[in-house]
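S.K.: Read off the chains here:
2 protein chains.
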Amino acid sequence: MARIVMKFGGTSVADLERIHRVARHVKREVDAGHQVAVVVSAMAGKTNELVEWVRTMPKVTGASSPFYDAREYDTIVASGEQVTSGLLAIALQSMGIDARSWQGWQIPIKTDNAHGAARIMEIDGTEMIRRFEELGQVAVVAGFQGIGPDNRIATLGRGGSDTSAVALAAGLKADRCDIYTDVDGVYTTDPRIVPEARRLKKIAFEEMLEMASLGAKVLQVRSVELAMVHKVRTFVRSSFEDPDAPGMGDFDNPPGTLICDEDEIVEQEVVTGIAYAKDEAQISLRRLSDRPGVSAAIFGPLADAHINVDMIVQNISEDGSHTDMTFTVPSGDAEKAISVLNANKEKVGFDAIQSESGLVKVSVIGIGMRSHAGVAATAFKALAEKSINIKAITTSEIKISILIDGPYAELAVRTLHSCYGLDKS
Amino acid sequence: MARIVMKFGGTSVADLERIHRVARHVKREVDAGHQVAVVVSAMAGKTNELVEWVRTMPKVTGASSPFYDAREYDTIVASGEQVTSGLLAIALQSMGIDARSWQGWQIPIKTDNAHGAARIMEIDGTEMIRRFEELGQVAVVAGFQGIGPDNRIATLGRGGSDTSAVALAAGLKADRCDIYTDVDGVYTTDPRIVPEARRLKKIAFEEMLEMASLGAKVLQVRSVELAMVHKVRTFVRSSFEDPDAPGMGDFDNPPGTLICDEDEIVEQEVVTGIAYAKDEAQISLRRLSDRPGVSAAIFGPLADAHINVDMIVQNISEDGSHTDMTFTVPSGDAEKAISVLNANKEKVGFDAIQSESGLVKVSVIGIGMRSHAGVAATAFKALAEKSINIKAITTSEIKISILIDGPYAELAVRTLHSCYGLDKS
Numbered sequence: 048m049a050r051i052v053m054k055f056g057g058t059s060v061a062d063l064e065r066i067h068r069v070a071r072h073v074k075r076e077v078d079a080g081h082q083v084a085v086v087v088s089a090m091a092g093k094t095n096e097l098v099e100w101v102r103t104m105p106k107v108t109g110a111s112s113p114f115y116d117a118r119e120y121d122t123i124v125a126s127g128e129q130v131t132s133g134l135l136a137i138a139l140q141s142m143g144i145d146a147r148s149w150q151g152w153q154i155p156i157k158t159d160n161a162h163g164a165a166r167i168m169e170i171d172g173t174e175m176i177r178r179f180e181e182l183g184q185v186a187v188v189a190g191f192q193g194i195g196p197d198n199r200i201a202t203l204g205r206g207g208s209d210t211s212a213v214a215l216a217a218g219l220k221a222d223r224c225d226i227y228t229d230v231d232g233v234y235t236t237d238p239r240i241v242p243e244a245r246r247l248k249k250i251a252f253e254e255m256l257e258m259a260s261l262g263a264k265v266l267q268v269r270s271v272e273l274a275m276v277h278k279v280r281t282f283v284r285s286s287f288e289d290p291d292a293p294g295m296g297d298f299d300n301p302p303g304t305l306i307c308d309e310d311e312i313v314e315q316e317v318v319t320g321i322a323y324a325k326d327e328a329q330i331s332l333r334r335l336s337d338r339p340g341v342s343a344a345i346f347g348p349l350a351d352a353h354i355n356v357d358m359i360v361q362n363i364s365e366d367g368s369h370t371d372m373t374f375t376v377p378s379g380d381a382e383k384a385i386s387v388l389n390a391n392k393e394k395v396g397f398d399a400i401q402s403e404s405g406l407v408k409v410s411v412i413g414i415g416m417r418s419h420a421g422v423a424a425t426a427f428k429a430l431a432e433k434s435i436n437i438k439a440i441t442t443s444e445i446k447i448s449i450l451i452d453g454p455y456a457e458l459a460v461r462t463l464h465s466c467y468g469l470d471k472s
Numbered sequence: 048m049a050r051i052v053m054k055f056g057g058t059s060v061a062d063l064e065r066i067h068r069v070a071r072h073v074k075r076e077v078d079a080g081h082q083v084a085v086v087v088s089a090m091a092g093k094t095n096e097l098v099e100w101v102r103t104m105p106k107v108t109g110a111s112s113p114f115y116d117a118r119e120y121d122t123i124v125a126s127g128e129q130v131t132s133g134l135l136a137i138a139l140q141s142m143g144i145d146a147r148s149w150q151g152w153q154i155p156i157k158t159d160n161a162h163g164a165a166r167i168m169e170i171d172g173t174e175m176i177r178r179f180e181e182l183g184q185v186a187v188v189a190g191f192q193g194i195g196p197d198n199r200i201a202t203l204g205r206g207g208s209d210t211s212a213v214a215l216a217a218g219l220k221a222d223r224c225d226i227y228t229d230v231d232g233v234y235t236t237d238p239r240i241v242p243e244a245r246r247l248k249k250i251a252f253e254e255m256l257e258m259a260s261l262g263a264k265v266l267q268v269r270s271v272e273l274a275m276v277h278k279v280r281t282f283v284r285s286s287f288e289d290p291d292a293p294g295m296g297d298f299d300n301p302p303g304t305l306i307c308d309e310d311e312i313v314e315q316e317v318v319t320g321i322a323y324a325k326d327e328a329q330i331s332l333r334r335l336s337d338r339p340g341v342s343a344a345i346f347g348p349l350a351d352a353h354i355n356v357d358m359i360v361q362n363i364s365e366d367g368s369h370t371d372m373t374f375t376v377p378s379g380d381a382e383k384a385i386s387v388l389n390a391n392k393e394k395v396g397f398d399a400i401q402s403e404s405g406l407v408k409v410s411v412i413g414i415g416m417r418s419h420a421g422v423a424a425t426a427f428k429a430l431a432e433k434s435i436n437i438k439a440i441t442t443s444e445i446k447i448s449i450l451i452d453g454p455y456a457e458l459a460v461r462t463l464h465s466c467y468g469l470d471k472s
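If you're matching them up, the sequences are chains F and V in order.
Using this note's numbering, read the first sequence as starting at 48 and increasing by one per residue.
Using this note's numbering, read the second sequence as starting at 48 and increasing by one per residue.
Some hints here could point you the wrong way.
You can't tell identical chains apart in this list, so a pair holds if it fits in one copy or across any two.
[To be verified] List of simulated lysine-lysine pairs, BS3-like, C-alpha gap at most 27 Å:
hint	residue 1	residue 2
1	K264	K93
2	K106	K74
3	K93	K392
4	K74	K325
5	K157	K446
6	K383	K438
7	K220	K438
8	K106	K93
9	K438	K264
No wet-lab data here; the hints were simulated from the structure.
Go ahead and model the full structure; you've got the sequences and the hints to work with.
M.R.: If you want it as structure tokens, here you go:
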């Protein structure tokens with residue numbers, strides 16, 4: 048017997064039939080004797096509809112500002128998860144399973160006061176655990192929400208139901224947190240580009256963090272961070288498979304990908320996966336004055352303008368007085384970034400700005416590369432053989448990121464996937 | 048300066064444009080210096096959609112019973128008002144008015160544990176009043192809901208937003224409770240039947256109670272009862288008029304109908320209005336044994352079967368041993384009522400059941416009739432002149448109800464409206 052948190056996203060609860068399928072997944076685990084808490088998102092499309100109403104309301108009143116109160120946004124948008132939690136509780140009860148819905152304020156899931164993008168501070172699982180143990184009751188929890196210090200509903204930001212699930216798993220000291228989604232696990236790379244991509248049995252938290260932030264949209268980044276900090280064994284699996292298919296209830300070896308501490312991964316590969324991020328723009332500052340504080344003078348104003356800077360490359364200057372600096376931003380932000388830089392030209396001190404849009408960043412990710420030399424060299428050699436030009440490189444302990452021209456994206460991903468032996472055997 | 052509770056129903060908040068119009072009604076009162084709490088229903092159609100999901104969910108799981116947990120029903124259905132309250136708060140803020148939404152559990156509006164049809168036990172208006180006085184803040188309250196002793200959302204039953212508004216007005220000791228609806232007041236009778244019907248300036252609580260329960264669907268009966276008990280001056284007016292039209296903000300004499308204590312009605316008419324209820328069925332028990340407990344034996348089982356019995360007529364028995372008993376039920380319940388009675392035939396003791404469907408009950412209502420003789424005689428004479436046959440009569444202190452054949456409904460209403468001088472002058 049174990050304690051499991053199960054999480055189902057918006058497409059998994061999009062209508063009553065799908066909510067029934069979710070209930071069957073839950074029933075399977077209950078029948079196996081586990082204690083279960085289920086976290087649900089709003090029905091697909093519902094959150095968007097509510098957000099649209101919130102954004103349109105000020106315009107309808109003829110207000111000059113599009114401002115809206117984040118506390119009211121939270122009140123409105125959280126209603127989507129409220130509905131799904133109640134419907135799933137009814138579905139489970141109809142199938143003979145004791146269940147009840149829990150809103151964030153009832154548990155409570157206490158958050159900070161940052162309405163619209165609140166962080167979870169504390170979860171009190173006492174009553175839920177008492178009900179697991181005394182009644183065998185399933186807890187159906189509205190995801191994405193908690194209650195702020197102002198006693199008002201606070202939402203965790205888009206994709207926040209993943210975070211709810213992982214935080215609840217930590218709070219309940221659950222044995223596992225199963226994230227049911229519309230893919231059946233985490234792959235070595237995007238199978239739409241590389242048909243030979245393999246589903247990983249296990250991936251380390253740190254690797255998943257890189258995969259998630261690089262555009263493998265399986266899990267929200269914050270939820271992976273949280274899982275890493277609290278060492279929550281998190282399992283990514285499909286909600287669309289038949290809940291009663293063979294092996295689905297296998298506790299030790301279910302179908303999907305386990306995200307876990309690296310200690311749990313016995314046969315560590317050198318490279319775990321290849322991620323990519325499209326539509327990057329490169330911005331280079333030429334003959335930048337090389338003095339303390341120059342980086343702050345560049346990136347401070349960009350941050351203030353809410354421009355998300357990704358790769359940053361700066362070479363050691365040759366003459367000790369001037370250098371070149373290159374960084375990337377999403378293509379859509381390039382123009383804005385250049386105008387921010389030009390507005391600060393005097394303060395920063397540079398000769399010229401060069402930029403290029405439509406680039407792609409491909410990344411080689413693997414905890415194993417910490418202890419293996421030559422991983423980067425392998426990538427460079429493989430790309431060179433395909434005549435793919437490398438525009439910039441950054442590396443971390445477990446990642447090599449390479450900026451290339453957009454049209455070469457798929458070729459580069461396939462080449463890297465193959466050169467590290469990740470293709471299906 | 049006064050304290051006003053304003054309530055807007057589902058058709059008044061059906062879309063963002065209508066919510067803007069509601070906000071303009073609120074702004075008018077705020078600009079006049081009043082302290083305002085607004086109670087809102089769910090957007091028209093929303094509650095029905097949510098209720099439909101709740102009812103369908105057990106069928107989708109293949110459950111043999113259509114049972115659903117009323118606590119989950121409440122959680123799901125209350126989300127409709129949650130959304131509207133947030134949207135109206137945003138609309139008001141966009142118009143430069145300090146406002147915030149309040150859910151039932153936040154105020155709190157404490158109810159009993161009868162989920163789905165809960166009764167309000169206590170409203171704590173302390174914080175709301177503090178915000179009226181210190182911030183001039185408008186309170187936007189989600190109607191129809193409170194929080195039960197189990198710390199879960201409890202709804203007040205259909206139409207419960209009227210009840211929320213009146214209870215809140217009592218709790219806040221408001222000077223007036225304005226119910227904005229899709230009609231512009233309470234009329235002497237249904238204007239669709241009698242074009243000469245007049246809008247009443249004032250009507251006493253007791254009269255309104257009879258009007259409401261007899262099918263004049265302006266206000267929910269429970270809200271009128273509550274207003275009567277707490278002496279809440281309740282004002283029925285239209286939400287569809289231009290919020291800034293002349294006279295709309297007139298505190299002493301606004302357009303609409305005031306429901307108030309009879310003491311406040313100086314020129315009391317003998318008859319205030321004519322109500323009617325269609326689709327009544329009459330059931331008569333012939334040669335009923337006339338002994339103590341026989342009424343209980345009849346109406347106990349009918350109540351257990353949730354059949355709502357209306358008029359009851361029993362004559363003094365001629366021979367002291369047997370009598371006839373007639374009562375009415377909604378036509379849709381007639382068949383069920385008869386089978387319940389037949390199942391209890393031995394216990395009750397009667398010879399035969401006769402029944403007739405498709406009848407109409409017309410009622411003459413007026414507090415003034417308490418002190419005026421001949422009111423009933425006037426009705427009987429007027430109906431006789433039109434050759435309308437009276438099937439049964441019941442009377443109370445302020446009401447005479449007459450059961451007639453369905454096809455005569457409109458003629459009877461027009462005749463009675465005219466014979467008491469209620470037609471427009």
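S.K.: Does each hint fit the structure? Answer for all of them.
M.R.: Comparing the hints with the structure gives:
Within a single copy, K264 and K93 get their C-alpha atoms as close as 20 Å, which meets the 27 Å cut-off; across copies the closest is 33 Å, which misses it. Taking the closest pair of Cα atoms, K106 and K74 come within 27 Å of each other only across two copies (17 Å); inside a single copy the shortest separation is 46 Å, beyond that limit. For the homomeric pair K93 and K392, neither the shortest alpha-carbon distance inside one copy (45 Å) nor that between copies (54 Å) is at most 27 Å. For the homomeric pair K74 and K325, neither the shortest alpha-carbon distance inside one copy (41 Å) nor that between copies (49 Å) is at most 27 Å.
Taking the shortest Cα distances, K157 and K446 never come within 27 Å of each other, neither inside one copy (35 Å) nor across copies (56 Å). In this assembly of identical chains, the alpha carbons of K383 and K438 lie at most 27 Å apart only when taken from the same copy (22 Å versus 82 Å across copies). For a Cα distance limit of 27 Å, the shortest separation of K220 from K438 qualifies neither inside one copy, at 46 Å, nor across copies, at 72 Å. Taking identical chains as interchangeable, the C-alpha atoms of K106 and K93 lie at most 27 Å apart whether they share a chain (21 Å) or sit on different chains (23 Å).
With identical chains, the CA atoms of K438 and K264 are at most 27 Å apart within one copy only, with a shortest distance of 25 Å there and 73 Å across copies.
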